[in-house]
Amino acid sequence: GDSVTQMEGPVTLSEEAFLTINCTYTATGYPSLFWYVQYPGEGLQLLLKATKADDKGSNKGFEATYRKETTSFHLEKGSVQVSDSAVYFCALGDFSGGYNKLIFGAGTRLAVHP
Amino acid sequence: DTGVSQNPRHKITKRGQNVTFRCDPISEHNRLYWYRQTLGQGPEFLTYFQNEAQLEKSRLLSDRFSAERPKGSFSTLEIQRTEQGDSAMYLCASSPPVTGELFFGEGSRLTVL
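Going down the list, the sequences are from chains A and B.
Taking the numbering used here, the leading residue of the first sequence gets 1, the next gets one more, and so forth.
Taking the numbering used here, the leading residue of the second sequence gets 1, the next gets one more, and so forth.
No wet-lab data here; the hints were simulated from the structure.
All C-beta atoms in this analysis are idealised placements derived from N, C-alpha and C, irrespective of residue type, glycine included.
A couple of the hints might just be wrong.
As the list claims (entries may be wrong) - Heads up, simulated DSS-like pairs for lysine-lysine below, C-alpha to C-alpha not over 27 Å straight-line: (1) B:Lys11 to B:Lys57; (2) A:Lys52 to A:Lys68; (3) A:Lys101 to B:Lys71; (4) A:Lys56 to A:Lys77; (5) A:Lys52 to A:Lys101; (6) B:Lys57 to A:Lys101.
Said to hold, decoys possible - Covered stretches of chain B, as calculated for chain A (at least 3 residues, CB under 8 Å): (7) 9-21; (8) 50-60.
So that you can see chain B by itself, here it is in the shape it has in the complex (with noise of 0.2 Å):
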């Protein structure tokens, strides 16, 4: 399967907790993205980044969300001090630089009880 992958594809934690959410876009791809989708809502964008470079932050990236792209492969998101409120579908995306079209993974969801 050569389309972007994301890890763990679920995760119920305590609140308080922190968690680390892993995304491997398509390996050609340049441009990763990252989305927060609630029930019954359409995703919201977090962040993108260019390569390795984080380019543009959403204002719902609070000071608990960080974001990483080292060396412009893979990209981790990572939530300390989880609340309840942060209980979403975390999506993760790709795309390549000349099309622009994304290309999105299944998402990891996130239970904070």
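If we strip away everything but chain A, and leave its shape as in the complex, we get (with noise of 0.2 Å):
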């Protein structure tokens, strides 16, 4: 079946560090692709998404670009902030159903220090 996996972590930077998350999925269809990020106390919020091959997804200086050769979506920001500081969940969705089914891989909790 489909999956997604993730680099463990923690990942831990000093503020103003390049960040990459490394995301390779499985999947036997054509997935949207997707970052969520949960911080400490709050639900997971949706930070980027790419639909389709070659997409690049951005949003609060964060990037990925969904790669189909390597069936990745590595997810990078040039200079991370200490309010970076959260767990990132890269995840794949299975429209198959007619719905957005979202696969989840395990997480990967950063932490960014002054």
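Dock the two chains into a complex; use the hints.
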């Protein structure tokens, strides 16, 4: 079945460092890909998405490109801030049932220090 | 606040007791989802409603679990005869029919002693 694999955390960075969180997927169809973020004490929030190959999703300085050839959707940010500390989830959207059934990775915790 | 609302936020119960969680979706969203998240893992799909119809249930949803969405508005998730393995965060999400973007609530954490 469809699945998502993301790099294990925690990822610990200093403020203004470059961030990469790796995400790869396995899917039989042509899924949409998502990054969700969960800040401490809050619910999951959509960070960005891409619906087809070579699409780039971007939001709040974060970017990810849908790479069909490598089945990847790595999350990047050029300069992280302390406020980016959160858990990041990569997910694929299986629309085969006519609705957006999300399949999530295990999450990667990011800690940014001043 | 017009987001997805879940209650209670935290429930502690003894093994064998029944618990019920409630989800109030964003008002114009006709699609509603339940997910379960255990420590260190990503959310796992449990079930999906379109309006009042429950259209899909995961194998994770054993016979002790039942979900309803009467009148296509709020939803309840009931767990009967709770077991320690049921301890998890139960997440509700809703989405509009067109974009399909899921909006999640803050979750209801269940602890079974």
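We went through each hint and held it up to the structure:
1. B:Lys11 to B:Lys57: holds, 23 Å
2. A:Lys52 to A:Lys68: Between lysine 52 (chain A) and lysine 68 (chain A) the Cα gap is close to 8 Å, so the pair holds against 27 Å.
3. A:Lys101 to B:Lys71: Since the Cα atoms of lysine 101 (chain A) and lysine 71 (chain B) sit roughly 22 Å apart, the hinted pair holds (cutoff 27 Å).
4. A:Lys56 to A:Lys77: holds, 13 Å
5. A:Lys52 to A:Lys101: Holds, at roughly 16 Å.
6. B:Lys57 to A:Lys101: holds, 11 Å
7. 9-21: Coverage by chain A is violated here, the residue count being 0 at a Cβ distance below 8 Å.
8. 50-60: holds (count 3)
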